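Participant: All chains should be built: construct the whole structure from the sequences, respecting the hints.
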Amino acid sequence: MNDEPKNSNPQPEAESKANGSTVPMWILSLTLVLIYLGAVYFDHHGGWFDPQVYSPYKNAEELDSYQPKSGAAAILAQGKQTYDRICNACHGADGMGKAGQAPPLAGSEWVNAKGFKRVTAIPLDGLNGPITVKGQQMTFPSGMAAMGAALSDSDLAAVLTYIRSSWGNKGEPVTADDVKAVRAAFGGHPAINGETQLKTMPE
Amino acid sequence: MKSGFRVFLAAFVALGLSWCGFVLAPVLQLGEAKQTQILNSSDTYPIQRTGDATLGLQVYRANGCAACHTEQIQQSGMACDVILTSAGKNSAAVSNLISNLKLTGLTKEEADAASDKITAAGGKSETHIAATGADISRGWGIRRSVAADFLYDSPVQLGGIRVGPDLANVGARLGNANWQLLHLYAPQDVVKNSAMPPFRFLFNVQKIGDVPSSDALQLPKEFAPAAGYEIVPTDDAKNLVAYLLSLRVDVPLYEAPFTPPQISTNVPANKK
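Protein chains in written order, with the numbering used here: chain U, 7 to 209; chain S, 2 to 273.
Some hints here could point you the wrong way.
As the list claims (entries may be wrong) - No farther apart than 30 angstroms at their CA atoms in a straight line, the calculated lysine-lysine pairs in the BS3-like style are these:
id : chain 1 : residue 1 : chain 2 : residue 2
1  : U       : K64       : S       : K35
2  : U       : K23       : S       : K3
3  : S       : K90       : U       : K186
Hints in this document: simulated from the structure, not taken from any laboratory. None of the values given here were measured: they were computed from a predicted structure.
Facilitator: Spelled out as structure tokens, the structure:
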């Protein structure tokens with residue numbers, strides 16, 4: 007066998023040369039495919055750096071779908087939130103009312119009434135004048151403004167449901183449709199003038 | 002050096018990129034974090050730790066607790082349970098329906114489908130969401146830890162090695178201050194075969210005066226001091242316990258929703 011190099015130049019080259027060879031096409035394609043798959047995976051699982059999206063949630067939509075939106079507990083919680091924001095100041099967190107400001111809601115026959123119309127009309131239109139609660143006639147100098155007029159049907163329904171099922175009250179839940187019906191009939195009515203006028207309204 | 006500028010540029014880009022990844026991106030992502038609302042409640046979360054608990058964090062840090070304990074609960078998934086709350090008028094049809102339905106361990110879509118079927122049959126149901134995962138089934142917590150849990154901690158004591166159990170929810174799991182003090186003084190007294198070293202330097206041994214101190218530890222014979230002496234916790238021990246008891250990851254948040262064990266409003270407020 008002839009072991010002599012075929013190169014006619016006897017001097018070895020100082021530096022080896024790549025002779026213009028490029029990265030093989032298959033490596034380039036594989037890299038591009040991997041980058042593409044990685045980007046797709048990130049899009050589906052990464053949450054796009056949203057600070058509220060943690061694993062095991064994959065994106066904001068999935069997290070959103072897991073928020074409790076229905077069920078009695080959610081409605082009560084929604085109602086409590088509205089109550090704490092608006093009603094709490096006068097009727098108190100325990101629903102016992104405040105002397106000279108607001109009558110108690112706990113155990114009140116108006117709150118626990120069979121029908122929902124009068125109890126819905128009170129926050130919708132406001133209430134002035136004397137009212138008998140738990141056998142005690144009460145007068146409140148400043149009355150109650152139409153606090154519920156600015157609330158949505160669902161918020162008002164939730165807060166009424168909360169009031170009717172808290173502090174030992176046992177009233178039926180009020181739905182957004184109920185509130186809608188009462189709003190259509192009595193919305194925009196001037197403040198109800200005492201229990202005499204309240205009693206003229208359907209229960 | 003022929004390519005000095007290029008070497009500088011390459012080093013600058015490499016360091017700059019990692020700075021962006023490690024410093025800039027987290028600040029952009031969480032730098033604006035502030036108190037949030039507890040899910041379905043008007044209460045805010047988290048509450049600033051009390052003064053003694055804030056000092057206790059420094060005791061926790063100084064004693065290297067984070068070398069053996071983590072404060073991060075992991076969660077691998079969610080499971081939904083559909084619970085029938087009212088069978089409605091047609092209770093026979095509803096009970097027939099639910100006997101054929103899978104109602105536990107569902108995904109949200111399956112749970113929604115099941116709850117729609119129950120509603121169509123005239124019943125009412127609630128969907129309860131629970132976190133699942135190894136840490137949750139060990140009883141270390143009820144949901145994963147999220148950034149909001151650490152809002153007021155400086156520095157955050159995440160920890161990385163679990164020689165001991167995770168402590169993110171220890172205030173809710175082991176909420177007894179006396180137990181915590183005993184455990185710090187003599188871990189093997191309250192947890193048999195515990196690997197934790199005792200932290201006796203957080204306690205003073207002192208002669209009993211006219212009356213025993215009210216906060217002296219009640220120790221069994223093998224850990225008790227000599228007759229006439231008592232063990233009382235130092236301020237450091239009390240602060241550390243206050244910090245441990247303030248570690249609670251037990252409320253649902255938007256980013257970590259779950260159904261709390263029981264929401265009941267039918268309890269008179271004054272009887273709670």
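Participant: Give a verdict on every hint.
Facilitator: A quick look at each hint next to the structure:
1. U:K64 - S:K35: Since the Cα atoms of K64 (chain U) and K35 (chain S) sit roughly 23 angstroms apart, the hinted pair holds (cutoff 30 angstroms).
2. U:K23 - S:K3: holds (21 angstroms)
3. S:K90 - U:K186: holds (25 angstroms)
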